[in-house]
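Chain by chain, the residues run as shown.
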Amino acid sequence: KAGVTQTPRYLIKTRGQQVTLSCSPISGHRSVSWYQQTPGQGLQFLFEYFSETQRNKGNFPGRFSGRQFSNSRSEMNVSTLELGDSALYLCASSLDSWGTEAFFGQGTRLTVV
Amino acid sequence: LAKTTQPISMDSYEGQEVNITCSHNNIATNDYITWYQQFPSQGPRFIIQGYKTKVTNEVASLFIPADRKSSTLSLPRVSLSDTAVYYCLVEGAAGNKLTFGGGTRVLVKP
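Just so you know, the protein sequences line up as chains A and B, in that order. Residues in the first sequence are numbered consecutively from 16, following my numbering. Residues in the second sequence are numbered consecutively from 259, following my numbering.
You may find that some hints are simply not true.
Result set (SDA-like, lysine to any residue): computed pairs, CA atoms no more than 20 Å apart in a straight line [said to hold, decoys possible]: (1) B:Lys261 - A:Gln56; (2) B:Lys310 - A:Thr115; (3) B:Lys261 - A:Asn71.
Okay, the calculated bits of chain A under chain B, using three or more residues with CB under 8 Å as the criterion [to be verified]: (4) 52-59; (5) 79-88.
Source of the hints: derived by calculation from the structure; they are not laboratory data. Yeah, the Cβ is synthetic: ideal placement off N, Cα and C, and Gly gets one too.
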């Protein structure tokens with residue numbers, strides 16, 4: 016079966032702009048989580064959606080938001096981009112979100128200039 | 259929130275067993291422990307998950323002592339292709355996946 020697909024793979028944006036990243040989970044998976052990965056901070060949890068509802072949120076400013084659609088596809092949005100938002104953004108899907116294996120996409124590499 | 263700590267790096271040789279320990283002192287009762295492997299330019303890949311005692315699958319074993327304040331990932335007979343970063347994750351109930359360890363960079367030498 017197809018894996019988790021994230022688009023685009025690479026993105027370059029200018030400070031102050033906004034960006035939307037997309038994640039298509041594995042068919043049948045209802046939980047989608049988003050993570051930010053940077054060399055300095057490592058892997059940090061952003062938020063998790065289950066059946067179109069945000070169930071958990073990490074410690075990120077309100078500029079970071081997300082949503083999930085009825086087909087479980089998810090998007091995350093970052094507004095008013097800052098240089099420090101440059102990172103690899105990873106999406107993971109799972110059948111449920113607790114005690115089940117999560118499958119990660121290859122990520123979207125965002126560079127803010 | 260459970261805070262996880264793991265060694266930054268470790269070296270090994272082909273054919274040896276590699277053991278990586280993760281500390282999670284304030285793990286909650288319902289939290290699971292999951293380990294992931296990550297290669298450069300790829301997303302993390304699930305290795306193994308456990309709640310208590312010992313779990314074994316075809317690629318690794320996970321040892322969790324009774325107090326659950328730490329866990330040890332054991333990779334038997336590593337090969338060069340096992341060179342990667344290994345992450346420990348404490349997963350809370352209802353998807354509260356807040357705490358990844360900093361990752362352990364394992365280098366397997368010939």
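Taking the hints in turn, this is what the structure says about them:
1. B:Lys261 - A:Gln56: holds, 14 Å
2. B:Lys310 - A:Thr115: holds, 15 Å
3. B:Lys261 - A:Asn71: Holds: lysine 261 of chain B and asparagine 71 of chain A sit about 17 Å apart, inside 20 Å.
4. 52-59: holds (count 3)
5. 79-88: violated (count 0)
Checked against the numbered hints listed earlier, the structure breaks hint 5 alone; every other hint is satisfied.
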